[in-house]
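Please put together the full structure from these sequences, using the hints given.
The lines below spell out each chain.
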Amino acid sequence: MEVKTLEQTGGFTSKLDDMVAWARKFSIFQYPFITACCGMEYMSTACSHYDVDRFGAGLPRFSPRQADVLFVVGTISHKLAPVLKHIYDQMADPKWVVAFGVCTCTGGFYNNYATVQGIDTIIPVDVYIPGCPPRPEYVLDGLMKLQEKIQIEKKAY
Amino acid sequence: MGNLHDRVKERWPHAVLELHDDRGDETVVLMRDDFTVIMKALKEDPEFDFQMLMDLTAVDGKDLGWKPRFEVVYHLYSLSKNHRLRVKVRVNERDALMPTATTLWAIADWFEREVWDMFGIRFEGHPDLRRILMYDEFVGHPLRKDYPHNKRQPLIGPKN
Amino acid sequence: MPELKKTRKESMLLNIGPTHPAMHGIVRIIAELDGEEVVDTDVEIGYLHRAFEKHAEQDGYLQVIPYTDRLNYVSPLINNTGYCLAVEKLFGLETTERAKYIRVIMNELSRVTDHLTCVGASAMELGAFTVFLYMIKAREMIYQLIEEVTGARLTISYTRIGGVKADLPPDFASKCREILGECRGVLKEVDQLVTRNRIFVDRLKDIGVISQADAVAYGITGPFLRSTGIDYDVRRAAPYLVYDHFDFEIPVGEHGDNFDRYLVRMDEMEQSMRIVEQALDKIPGGPVLLDTQGNEISAADMVDEAKMGRVTGLCGKSASTDPTLEGSGRGIYEKIESGNKEAMMPPKEMTYSSIEGLMNHFKTVMVGHGIRPPKGEVYFPVEGANGELGFYIVSDGTDRPYRVRVRPPCFVIMAALSKILKGDTLADIVPTFGSVNMIGGELDR
Chain A
9 MEVKTLEQTG
19 GFTSKLDDMV
29 AWARKFSIFQ
39 YPFITACCGM
49 EYMSTACSHY
59 DVDRFGAGLP
69 RFSPRQADVL
79 FVVGTISHKL
89 APVLKHIYDQ
99 MADPKWVVAF
109 GVCTCTGGFY
119 NNYATVQGID
129 TIIPVDVYIP
139 GCPPRPEYVL
149 DGLMKLQEKI
159 QIEKKAY
Chain B
44 MGNLHDRVKE
54 RWPHAVLELH
64 DDRGDETVVL
74 MRDDFTVIMK
84 ALKEDPEFDF
94 QMLMDLTAVD
104 GKDLGWKPRF
114 EVVYHLYSLS
124 KNHRLRVKVR
134 VNERDALMPT
144 ATTLWAIADW
154 FEREVWDMFG
164 IRFEGHPDLR
174 RILMYDEFVG
184 HPLRKDYPHN
194 KRQPLIGPKN
Chain C
16 MPELKKTRKE
26 SMLLNIGPTH
36 PAMHGIVRII
46 AELDGEEVVD
56 TDVEIGYLHR
66 AFEKHAEQDG
76 YLQVIPYTDR
86 LNYVSPLINN
96 TGYCLAVEKL
106 FGLETTERAK
116 YIRVIMNELS
126 RVTDHLTCVG
136 ASAMELGAFT
146 VFLYMIKARE
156 MIYQLIEEVT
166 GARLTISYTR
176 IGGVKADLPP
186 DFASKCREIL
196 GECRGVLKEV
206 DQLVTRNRIF
216 VDRLKDIGVI
226 SQADAVAYGI
236 TGPFLRSTGI
246 DYDVRRAAPY
256 LVYDHFDFEI
266 PVGEHGDNFD
276 RYLVRMDEME
286 QSMRIVEQAL
296 DKIPGGPVLL
306 DTQGNEISAA
316 DMVDEAKMGR
326 VTGLCGKSAS
336 TDPTLEGSGR
346 GIYEKIESGN
356 KEAMMPPKEM
366 TYSSIEGLMN
376 HFKTVMVGHG
386 IRPPKGEVYF
396 PVEGANGELG
406 FYIVSDGTDR
416 PYRVRVRPPC
426 FVIMAALSKI
436 LKGDTLADIV
446 PTFGSVNMIG
456 GELDR
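These protein sequences, in sequence, are chains A, B and C. Going by our numbering, the first sequence opens with residue 9, and the numbers climb by one from there. Going by our numbering, the second sequence opens with residue 44, and the numbers climb by one from there. Going by our numbering, the third sequence opens with residue 16, and the numbers climb by one from there.
Hints were generated in silico from the structure; no laboratory data involved. Please read all numbers here as calculations on a predicted model, not as lab measurements. Some hints could be false.
Unchecked claim - Lysine to any residue pairs mimicking SDA-like chemistry, simulated, CA-CA at most 20 Å apart:
| no. | chain 1 | residue 1 | chain 2 | residue 2 |
| --- | --- | --- | --- | --- |
| 1 | B | 124 | C | 254 |
| 2 | B | 124 | C | 244 |
| 3 | C | 390 | B | 67 |
| 4 | A | 103 | A | 67 |
| 5 | C | 152 | A | 67 |
| 6 | B | 124 | C | 390 |
Unchecked claim - Short, incomplete list of chain A residues facing chain C, as computed with Cβ under 8 Å:
| no. | residue |
| --- | --- |
| 7 | 35 |
| 8 | 45 |
| 9 | 141 |
What the hints assert, rightly or not - With the C-beta cut set under 10 Å, the calculated list includes, among others, these residues of chain A facing chain B:
| no. | residue |
| --- | --- |
| 10 | 86 |
| 11 | 89 |
| 12 | 114 |
| 13 | 116 |
| 14 | 155 |
| 15 | 159 |
Backbone N, C-alpha and C define an ideal beta-carbon position, used for all residues, glycine too.
Written out as structure tokens, the structure reads:
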């Protein structure tokens, strides 16, 4: 069979899965669940210097029902844990969770009576960004990892 | 300026149990019974004029074997005179009760709630004594020395 | 015309937070509303309680320093300094003159970042998004400067008991001046954008008013107190470090409303920058001067040599410290010493090159050894970005603090919030809360 180039056909073929995933990964509506120190680096990442908008993730939505990605930024205490779970449950599928900072990954150096030892004990996590707090470059790297994950994900829709 | 604690001792000789100015921090230890009267005088008397309650906290002396187990510590500051005084009152574990300072300084409200939350010391006459930092389901008082620092009481998720 | 039916007088409860974006994630306000008016509020905190005070009792004196970074994470250097000054008071130590100047410079830079964040964020919440972007741009520049000095952007653990971790980089002064110039530009732009902006002023003026008497009764300090007209500033009332060497003003407001707090913060940034500039002019040399003539090897080389046992002649040489651990090797310094071996960590060069240094390091750091201040109790206040930040430390003579208590400046303001909000409208909760500059780590500890 003769293979035509893009210029000849004026179009190209792809799998629907890939197309949908491609569209999804560049339209990340994030819900920033900001609690602590990491919020400062989240702010730095979101603002003009690092410009998270380049990755199609520039628009935070402050309603979980409109968000795709839950950014859990900062220490989660046991008092706050039910709230986090509640927010996660309100998000519509497909949804992803990014654990931002080492406190959300493992509890960090807050091994005490008040702190949740990693949010993955409460909700599933897709990407872990360690660091206390992670530098904006780490965050962008984590975001790109998340995009890769969204691209190859097989989801029923 | 200077020798504030001596002046306190002079005025209420029977009520001051101990006093020192270790490292420049003037400190008096008061009897609990005279606490309210003396604090009121410290605040309102122009000689002392402590308009501000800078800090209110407690220390659990269990590991040091203190006989009245707790010390409630007040840090007072005077804006007009620019001097400071630390006032301490000792309370027993069995009778962990302090007269409230909310009638004198409004901020004592939250500080006392915190001391109750963290140490389990009650404040008599406090308008709304409930937990402030921890949640209502939490059992115990975490800053007491006999509370293990990593004993978790999660609301959801795995136990500890 | 029929008479209007009398409206039903019934209050409504509205829950705001803890994840509401204007509540900065961790404060819950339960507001009782009568129409638009706030009748009463219940402010609930504690969502970021991380047990700082309990942790401090578990670890050694030096290990507490990283936890203090995370108290007020917008101006961590002030917390570092406050804690170290309190422990130094316990020891009866005094740092070198140069270390004091460095601390002052870093403190004031931190104060500027704090006010930039506070003003920027509260302006954003009122719709002035440009202001936020401008201010974060300025903050980013200061962060880069801080990173060059300390090796980290935010959680820096820069001070040590008895001094600071490392000296300023060689071209710090010129870079710092340049960045301060840029900051001034940003502040001027912001000033032109919002200070006389009708919308901005209307949202802030005569909103969130607190009287002098109330502010004092609530123990409020810092910009919040100064906005009511009381010029209390710990830097002036009880000068610590070398604050009495500088010429600076304490800006005060008169109405105690949100707008005055905005103005006070804007002025304070200018004053802080003035202090930094004076400190850069006056900073003395000292035991931390750069040795450019020979005798330098990189810390990594020194470790490699020492590992193979080739330590003769290494002691006494200066090694290039490497704050980033990437081998970029910024700066070659000896450290700032208090002269008290029992309190200070030895310099990294000594640790890596001599057995005495290594033992000394071990003795100051390991559990069961550690530094041991004499018995006693101290309270040391410093001027934090939000007000008086006090550390009350009780020592029982062992290697762990018996009790560390922080006097959190924004805790007291949050306690007064309920009173401040009463009588304002629902929409006023956001700017008033923004002007509090609530920092969770410090509020809940």
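The hints, checked one at a time:
1. B/124 with C/254: The hint holds at about 15 Å.
2. B/124 with C/244: Distance ~17 Å between residue 124 of chain B and residue 244 of chain C Cα, so the pair holds.
3. C/390 with B/67: Distance of about 14 Å is within 20 Å: holds.
4. A/103 with A/67: Given that 20 Å is the threshold and the Cα spacing comes to 16 Å, the pair holds.
5. C/152 with A/67: holds (19 Å)
6. B/124 with C/390: Distance of about 29 Å is beyond 20 Å: violated.
7. 35: violated (21 Å)
8. 45: holds (4 Å)
9. 141: holds (6 Å)
10. 86: At 5 Å from the nearest chain B Cβ, residue 86 of chain A passes the 10 Å test, so the hint holds.
11. 89: holds (5 Å)
12. 114: Constraint on residue 114 of chain A not satisfied, violated at 14 Å.
13. 116: This interface hint is violated because 13 Å lies over the 10 Å limit.
14. 155: violated (29 Å)
15. 159: violated (31 Å)
Going through the hint list in order, the structure does not satisfy hints 6, 7, 12, 13, 14 and 15.
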